[in-house]
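> Assemble the complex: chain A is given as a structure, and chain B must be docked to it using the hints.
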Amino acid sequence: MRLRHYTVFDSNDNYFDDHKNASICRKVAHKCYLPANRLLLDLIRKYDGRFRIAYSITGVVLEQFEAYCPEVVSTFDALAATGCVEFLGETYYHSLSFLYSQVEFTEQVDKHTKMIEYLFGQTPRVFRNTELIYNNQLAAALDTTGRFDGVIAEGADHILGSRSPNFVYRPQGCDNLKLLLKNYALSDDIAFRFSNRDWSQWPLTAEKFASWIDDANGNGQVINLFMDYETFGEHQWADTGIFDFLSHLPESVLRHSDNSFKTPSEVIHAYEAMDVIDVPHLISWADTERDLSAWLGNAMQSNAIHELYRLERTVRASRDPDILSDWRKLQVSDHFYYMCTKYFADGDVHKYFNPYDSPYDSYINFMNVLDNLRGRCAAAAQFETIELTSRGRKGESHVPAN
Amino acid sequence: MSLNPEGESIRVFMLGWEFPPFISGGLGTACYGLTRAMDSLGIKVTFVLPKKVHGHYATHVKLLTPESRHETETGPPGFKNVQFRWIPSTLEPYSTPQEYLDRLERIRTNHHELFSSLGEGAEHFGSGEHYGRDMYGEVQRYAAIAAELALREEFDIIHAHDWMTYPAGMAAAATTGKPLVVHVHSTEFDRSGEHVNQMIYDIERAGMERAHRVFAVSCRTRNIVINRYGIPGEKVDVIYNGVERNDDRAFSDTRIRSDEKIVLFLGRITMQKGPEYFLQAAQKVLGVMDNVKFVMAGSGDLMHRTIELAADLGIGSKVLFTGFLRGDEVRQIYKMADLYVMPSVSEPFGIAPLEALDHDVPVIISKQSGVSEVLTHALKVDFWDVDEIANKIVAVLKYPQLRSTLKDHGNFEIRKLRWTDSARKCASIYEEMLVPA
Numbered sequence: 000m001r002l003r004h005y006t007v008f009d010s011n012d013n014y015f016d017d018h019k020n021a022s023i024c025r026k027v028a029h030k031c032y033l034p035a036n037r038l039l040l041d042l043i044r045k046y047d048g049r050f051r052i053a054y055s056i057t058g059v060v061l062e063q064f065e066a067y068c069p070e071v072v073s074t075f076d077a078l079a080a081t082g083c084v085e086f087l088g089e090t091y092y093h094s095l096s097f098l099y100s101q102v103e104f105t106e107q108v109d110k111h112t113k114m115i116e117y118l119f120g121q122t123p124r125v126f127r128n129t130e131l132i133y134n135n136q137l138a139a140a141l142d143t144t145g146r147f148d149g150v151i152a153e154g155a156d157h158i159l160g161s162r163s164p165n166f167v168y169r170p171q172g173c174d175n176l177k178l179l180l181k182n183y184a185l186s187d188d189i190a191f192r193f194s195n196r197d198w199s200q201w202p203l204t205a206e207k208f209a210s211w212i213d214d215a216n217g218n219g220q221v222i223n224l225f226m227d228y229e230t231f232g233e234h235q236w237a238d239t240g241i242f243d244f245l246s247h248l249p250e251s252v253l254r255h256s257d258n259s260f261k262t263p264s265e266v267i268h269a270y271e272a273m274d275v276i277d278v279p280h281l282i283s284w285a286d287t288e289r290d291l292s293a294w295l296g297n298a299m300q301s302n303a304i305h306e307l308y309r310l311e312r313t314v315r316a317s318r319d320p321d322i323l324s325d326w327r328k329l330q331v332s333d334h335f336y337y338m339c340t341k342y343f344a345d346g347d348v349h350k351y352f353n354p355y356d357s358p359y360d361s362y363i364n365f366m367n368v369l370d371n372l373r374g375r376c377a378a379a380a381q382f383e384t385i386e387l388t389s390r391g392r393k394g395e396s397h398v399p400a401n
Numbered sequence: 000m001s002l003n004p005e006g007e008s009i010r011v012f013m014l015g016w017e018f019p020p021f022i023s024g025g026l027g028t029a030c031y032g033l034t035r036a037m038d039s040l041g042i043k044v045t046f047v048l049p050k051k052v053h054g055h056y057a058t059h060v061k062l063l064t065p066e067s068r069h070e071t072e073t074g075p076p077g078f079k080n081v082q083f084r085w086i087p088s089t090l091e092p093y094s095t096p097q098e099y100l101d102r103l104e105r106i107r108t109n110h111h112e113l114f115s116s117l118g119e120g121a122e123h124f125g126s127g128e129h130y131g132r133d134m135y136g137e138v139q140r141y142a143a144i145a146a147e148l149a150l151r152e153e154f155d156i157i158h159a160h161d162w163m164t165y166p167a168g169m170a171a172a173a174t175t176g177k178p179l180v181v182h183v184h185s186t187e188f189d190r191s192g193e194h195v196n197q198m199i200y201d202i203e204r205a206g207m208e209r210a211h212r213v214f215a216v217s218c219r220t221r222n223i224v225i226n227r228y229g230i231p232g233e234k235v236d237v238i239y240n241g242v243e244r245n246d247d248r249a250f251s252d253t254r255i256r257s258d259e260k261i262v263l264f265l266g267r268i269t270m271q272k273g274p275e276y277f278l279q280a281a282q283k284v285l286g287v288m289d290n291v292k293f294v295m296a297g298s299g300d301l302m303h304r305t306i307e308l309a310a311d312l313g314i315g316s317k318v319l320f321t322g323f324l325r326g327d328e329v330r331q332i333y334k335m336a337d338l339y340v341m342p343s344v345s346e347p348f349g350i351a352p353l354e355a356l357d358h359d360v361p362v363i364i365s366k367q368s369g370v371s372e373v374l375t376h377a378l379k380v381d382f383w384d385v386d387e388i389a390n391k392i393v394a395v396l397k398y399p400q401l402r403s404t405l406k407d408h409g410n411f412e413i414r415k416l417r418w419t420d421s422a423r424k425c426a427s428i429y430e431e432m433l434v435p436a
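Protein chains in written order, with numbering that gives the first Met the number 0: chain A, 0 to 401; chain B, 0 to 436.
Pulled out of the complex, with its shape left as it was, chain A reads as follows:
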């Protein structure tokens, strides 16, 4: 959801770079989504129900695929139809709304659920928050709705202590909700290290990876592998052998009779919670810190996001669906990630995925857009007042004279 270059001198309300978004969409569709979806569909059919997966996919991405590359949506639909694929719940706009507005968060989760129901005919029962941002409060909020059976979070060392991520847990203060923790070591072996030739385990074969999974048998019930879908074909290019790895994985894992594949909901129903996990402070899956500093680590980031959510009441008061939709698209967490100054000078992953020359440029662009949106809200509010006043006058004229 990239913004176009928007200066303080711009005054129109086309904030998004549709052309760029379309081309990025098509590029990732052809490098990742289409080949990966087709491969997984083949594997599901081949293993006849024994290979199962889950997707966490936002509303904005689905919207973009519908617009620019609809065949991606049909392949997801085909996957949904196999009965071996679960779709998880999350915020429609890949937003950090949980941190800033309960109302907005709930609306976005509802909107996402409706879209998944509409497109794939299933209702999400397991939730994952944007960037795996999580704490006790999130779990409690989900628990009280009764709409979710479980939530996924990062299996960060500091919340686990000596415990293993390979069990089902219960979030602190929840009666029904269960907690699944990402096994970051094994997930990152695929997502980050797969093609790293300096890694002592390179090259990683499906057999080797399956043997690491086997090692957990006897001391764990479930291994949650959770990774960016673009691992397949985009972060790890096809020529690294990532698709071959994926196609051999089910066979290698299933060779051991104790192993099976389950979707998150199946895991939650199959196993009891081993222990309660207390997460008073917010965690995420980002960087080594596993905190929120990638999105809210500097003064620009927190200023931008505070200003954005401060506008919520005005946006809603405008009752203008275009304004609401633009405001929501500005909530996509990437906008704040691009403003991250952490490691900026070292030129690492933060820079690699950043379309801007610098975090400063990204902040300036965002703030210019937000300024314009604020202006539109004010104009809409004024229009609303005028409309009300004129309606009021009409009413008066209908009052009988006697």
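Simulated from the structure, these hints should not be mistaken for lab results. There is no bait here: all hints are sound.
The list that follows gives simulated cross-link-like pairs (lysine-lysine, DSBU-like), each with its CA atoms no further than 35 Å apart: (1) B:K79 x B:K334; (2) B:K397 x A:K328; (3) B:K366 x A:K341; (4) A:K328 x B:K366; (5) A:K341 x B:K292; (6) A:K328 x A:K110; (7) A:K341 x B:K415; (8) A:K26 x B:K366; (9) A:K45 x A:K26; (10) B:K397 x B:K415; (11) B:K260 x A:K328; (12) A:K341 x A:K19; (13) A:K110 x A:K341; (14) A:K261 x A:K45; (15) A:K19 x A:K110; (16) A:K19 x B:K406; (17) B:K366 x A:K19; (18) B:K260 x A:K341; (19) B:K317 x B:K292; (20) A:K19 x B:K397; (21) A:K341 x B:K424; (22) A:K30 x A:K19.
Same frame as chain A, but now just chain B:
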């Protein structure tokens, strides 16, 4: 410590143009920073530079005559291993051949007026007769004296800063047989665009060709040296400038604040520095915000045209010209500024943005600058993109969070740009050069 093949400290015969406090631009600052760092590394430096000859009554009675050739004088305080040698000369950095002629003419007139009042026999004393009749002649005269001086000094390496000293460097290399380094702080293409002065270009090229090694202040400059002067890349190294950190850190929070924002241009007002882009951007900024003033600190050959341009753009009352500032005045202006803008058309390096950051002033710098290679926490623009310059100026003035993030990270970042690292790199190349073939 850097040693020559005999196991002694390396001794450098260094040829410069200017040295603080009498400086007119970045070259003096760079020579000072580098020399000071070399001093601290134990490198022995003999620093040769022109003794300024003024065209004013107030100073010229103390003039050294060209007949006295050169003198040893105590230089600026605080150096252990550096000695200064001054050669009286009418050379001034950053001047054109025409300006040289004008200055020489002024000196002659002044001398004539003064000495005719002193009576018979005095008029030829320091009358300017002995200086070169044009800039080229003076550069050659200067070179000859420097070469003569070199014969009486003990050193291992000759290091010449910018074109005016290249002939002196070449002459010293020829008379002593010592290896020569030329240090390119700026080229004729940076200063004059495509309207290069052939005489200066020829001197620059000859110096670079004759030199055993060429130091360039940025990759940008290195590319110009290779592409425009045809110098083989293997003998051209990049030595980035550093920044001398401001001593009065304790007082740095005593910023001068007012409701009015101040955007600063600090540098020579010449084609190279892009003053017209600064003003065009200023006009656009003033179209969307009012409480801002634009200060242009510096002087130069485009000063009058720039003042006129401000008036033509209808922003005359919003643009202040301070003239050339030095020392405390510079510190004062930094304390007042909310933002520093360097819209240079071609900037080999650009030390001023580092100084601005050192004074906690965030910076916008042109992408056509060497300093943009080393600074990440700066806003970068194409010098011609006045809309974008204005967009960024407005953002910095409008959003305190942007200002503070730029300032904090920028101030931290410049701590890595140390003169000692530049001096160390010079020293290691000296050592390479001194290894007997």
